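Let the sequences and hints guide you as you build the complete structure.
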Amino acid sequence: MKASDLFLQCLEEEGVKEIYGVPGEENADIMISLLDSPIEFVVCHHEQAAAFMADVSGRLTGKPGVCLSTLGPGATNMATGVANANMDNSPLVAIVAQAGTNRLHKESHQNMDAINLYKPITKWNQSVFQADNIPEVVHKAFKLAATEKPGACMVELPEDIAQQKTLVRPFNAAEKARRPAPDEKSVKQAVELLARAKKPIILAGNGCVRTRASKQLNRFVDKTGIHVANTFMGKGAISARHDRCLFAAGLGLKDHVSYAFSKADLVICIGYDMVEWHPHFWNIGSDKKIIHIDFEPAEVDRHYRTDVEIVGDLAGSLWALTESLGEGHSWDTREFRDERAHMLEELQGFGTDDGFPIKPQKILSDLRSVMRDEDILVSDVGAHKMWVARHYPTYHPGSCIISNGFCSMGIALPGALSAKRLYPEKNVVGLSGDGGFLMNVQELATAVQYDIPATILVWEDGGYGLIKWKQMNRFGKYSHTDFRNPDLVRMAESFGCNAVRVESARDLIPALQSGFLEKKKPTVIVVPVDYGENMKLTEKLGKIISH
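Position 395 of the sequence shown, counted from 1, bears residue number 394 in numbering that gives the first Met the number 0, the numbering being contiguous throughout.
Please note that a few of the clues may not be correct.
Stated by the list, open to error - In silico EDC-like pairs for lysine to aspartate or glutamate, Cα to Cα no more than 20 Å straight-line:
| # | residue 1 | residue 2 |
| --- | --- | --- |
| 1 | K253 | E334 |
| 2 | K519 | E492 |
| 3 | K197 | D264 |
| 4 | K288 | E191 |
| 5 | K253 | E344 |
What the hints assert, rightly or not - Simulated DEER-style distance windows between Cβ atoms:
| # | residue 1 | residue 2 | range |
| --- | --- | --- | --- |
| 6 | Q470 | V167 | 55 to 65 Å |
| 7 | K187 | E295 | 15 to 25 Å |
| 8 | S493 | V299 | 46 to 56 Å |
| 9 | F474 | K253 | 17 to 27 Å |
| 10 | K253 | L343 | 14 to 24 Å |
Hints listed in this document are in silico derivations from the structure and should not be mistaken for laboratory results. Nothing here was measured: the structure is a model prediction, and the numbers come from that model. Even for Gly, the Cβ is constructed at its ideal location relative to N, Cα and C.
Structure below.
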């Protein structure tokens, strides 16, 4: 068969249902082969957005999402989204077309070394040198992308290789390998360290969500009574309703949860990725005992000197640790209870606020009131991300998607489209600032073309709010963070979307509910936001440690 046909059959064997991407000249053979494949190709308007769609697909399903670009500018456009997936540990396979092998050795049109470009931002990448190697290369890419810690892999397919004939056939994808069980001696050492702790605390990271280890985490917490803080990407690992949940850690400023960590004598890090919240924020003085539970040994860092490392399957490790605990292992730390109470009081304080522009806390309170537990919020990167982490209680793993490793702006709109395609029965909201929204606004056309009724909630303030916030915190003034928006409502309508601008605080909930009822069109809701609350929060957090 033709190599491009073989390539797609290998993707089918890996369970691929859709590819997000942009067609080009050098991937033309793949595009024509797709006409006879059950795989759906979702035509995007920018390769970066295609990668974000694949990123969120992989993050929600645990199976690598797939994106495709042509060579040169297509490959560079897609790189940001691929890097985002890799640093956020989302399984993704990127397919990059390339010039024919007869001209790779010399200066030629759009010829660029994509393999070396992608090396720093992928777990593994490989060019296909001959058609007969396609089944091995494709399967290795999918296997490595999904193996803990997951990430991005890239396969390059030169134009002339895609045109070759081959007698090779795809082979069946192997069953998923079982992850190793934890070492019994390490589990015993952890139990002994726990027995000596007076105020232990748990830091639950992204690993607890992506590996479906939430059940065993909750079982461990129920047995021990230890309080849990989650990272931004760990939201939902333990329900915000659980009386031991301390909500999200990692704001970068001292918060209620920071106070809890300052009092802890033992930190149990479970599925924790240092890229989210560096230990120098919570292990000041490097004096805390640390138990590291993850698929890989701990990163070397002077603030993260572990006392015990349990390396193996996360759910299995938690199960083994819970089973090894005796009856006397139970904690109910008063200071931690107090911090949860303080945070709950804050969360309940803005439901009736009728100020306009609307305060971030009020927007999220209204959004939470109409979102069901398993509905999905995809947050972009910006000032709103900090508010989502702090003021959007999450009750179910995978129901609040925050990019907090590579932290690229522009993920919310394309990410919400991919989430809604995966789970059409759920309400899906992509939450952006106006800056992030405009970075991939072209994908509204994709949403309309494919009848994806996601709801896009845009916080409008005419500036890069997070950068302004950080500049104000550091310098007391800000520089070059303001910009002028087009009429976002009219622009969204020109794409064929439903669109509305909220004119008062009481208008937001009806606008959201109307968007959720829509069955075909995306709905864009523009909300003027009062980011004066940013500096008020900074001032408030500066006083928390003293209470």
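Consistency of the hints with the structure:
1. About 16 Å separates the Cα atoms of K253 and E334, which keeps this hinted pair within 20 Å; it holds.
2. Straight-line distance between C-alpha atoms of K519 and E492 comes to about 14 Å, which keeps the hinted pair within the 20 Å bound.
3. A distance of roughly 7 Å separates the Cα atoms of K197 and D264; the hinted pair therefore holds under the 20 Å criterion.
4. Between K288 and E191, the direct Cα distance comes to roughly 12 Å. Compliance with the 20 Å bound is thereby established for this hinted pair.
5. Straight-line distance between C-alpha atoms of K253 and E344 comes to about 17 Å, which keeps the hinted pair within the 20 Å bound.
6. Checked against the given bound of 55 to 65 Å, the beta carbons of Q470 and V167, roughly 57 Å apart, stay inside it.
7. About 21 Å separates the C-beta atoms of K187 and E295, a value consistent with the hinted range of 15 to 25 Å.
8. Checking the proposed 46 to 56 Å range against S493 and V299 shows it holds: the Cβ atoms sit about 53 Å from each other.
9. Distance hint for F474 and K253: a CB-CB separation of about 19 Å, consistent with the stated range 17 to 27 Å.
10. Between K253 and L343 the beta carbons are some 19 Å apart, a value that agrees with the proposed interval 14 to 24 Å.
The structure meets every hint from the earlier list without exception.
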